[in-house]
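Student: Under mature numbering (1 follows the signal peptide of the UniProt record, and there is no 0), the residues of the sequence shown are numbered -26 to -1, 1 to 201, in order.
Watch out, some of these pointers could steer you wrong.
To be verified - Here are the simulated lysine to aspartate or glutamate pairs, EDC-like style, with alpha carbons at most 16 Å apart:
#1 K196 / E62
#2 K32 / E62
#3 K32 / E189
#4 K32 / D162
#5 K75 / D194
#6 K48 / D162
#7 K32 / E186
#8 K75 / D88
#9 K196 / D88
#10 K32 / D194
Simulated from the structure, these hints should not be mistaken for lab results.
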Amino acid sequence: MGTLNRCKTAAALLLALQAAGMPAWAATAVSNASASASAGAADTALVSRITANLARVKGVRARFTQTQTLAAMKAPLVSTGSLLYFRERGVIWQIETPYRKTWVMSDSGMAVIDAAGQRVASRSPQGARGAAEIAKMMRTMLGGDLSALYSQFDVAAHGTPSQWRMRLVPRQPQIAQSLRTIEMEGGDYLQSLRITLASGDVVQYDFSGSAEVTEITPADQKLFGTP
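All chains should be modelled from the sequences, with the hints used to inform the complete structure.
Tutor: Shown next as structure tokens:
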């Protein structure tokens, strides 16, 4: 759980923006006028095509590597695992190394499941909130909903819809106190997400083997059904 706590601040900022009133999954709902006002020099047409491309699928299954580079640590903290994003249900985030644990995030809340398949109570409420925030953030990003970010971030996008890079810089001083930048790269799917905190700590997510999911398995159904 400790490896999740350090990215709590950045994830919480993203969730606060999502909760500001923008409709969920509204990847194509931002008008050119509002996008250009907040995105500055970004290619707003490219941003629109990127978000529409990300939002086209019902679900995604992928592998991930999370690397945290912390000023207080001599070596990066690395964890690996798999995730399932399914628009209608939520996110299953499974850590496989250096320990085994699963977080299931749905509209009804979050469940933590141990290696034996049993629900466990979090020893750290703050860490549990951080895990939930990360799952919600991933659900938003994988769904292509970047519209909630425009009012609080300057957006720069480069490349093409098949291979793009996007950089978000906080516009509001209160956000900039905690967060320096969010950088994303992708094509048909999100390939990497890099969060740099104001402290200089960096959380990097690299995704591989992304594949579209149209139906979830019985095992996935069971996990989503965990209270």
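Student: For every hint, state whether the structure bears it out.
Tutor: Against the structure, the hints:
Note on K196 and E62: the hinted pairing holds, with a Cα-Cα distance of about 15 Å set against a maximum of 16 Å. Pair hint K32 plus E62 holds up; C-alpha atoms about 8 Å apart against a cutoff of 16 Å. About 9 Å separates the Cα atoms of K32 and E189, which keeps this hinted pair within 16 Å; it holds. The hinted pair formed by K32 and D162 meets the criterion: a straight-line CA distance of about 13 Å does not exceed 16 Å.
For the proposed pair K75 and D194, the alpha carbon gap of about 15 Å is at most 16 Å, so the pair holds. Between K48 and D162 the alpha-carbon distance is near 35 Å, which puts this suggested pair outside the 16 Å criterion. In summary, the hint linking K32 to E186 is supported, as the alpha carbons are separated by about 7 Å, within the 16 Å threshold. Restraint check for K75 and D88: satisfied, since their Cα atoms lie roughly 5 Å apart, inside the 16 Å limit.
Only pairs whose Cα atoms come within 16 Å are accepted, and K196 paired with D88 is accepted, the gap being roughly 14 Å. As the CA atoms of K32 and D194 are separated by approximately 15 Å, the hinted pair is consistent with the 16 Å bound.
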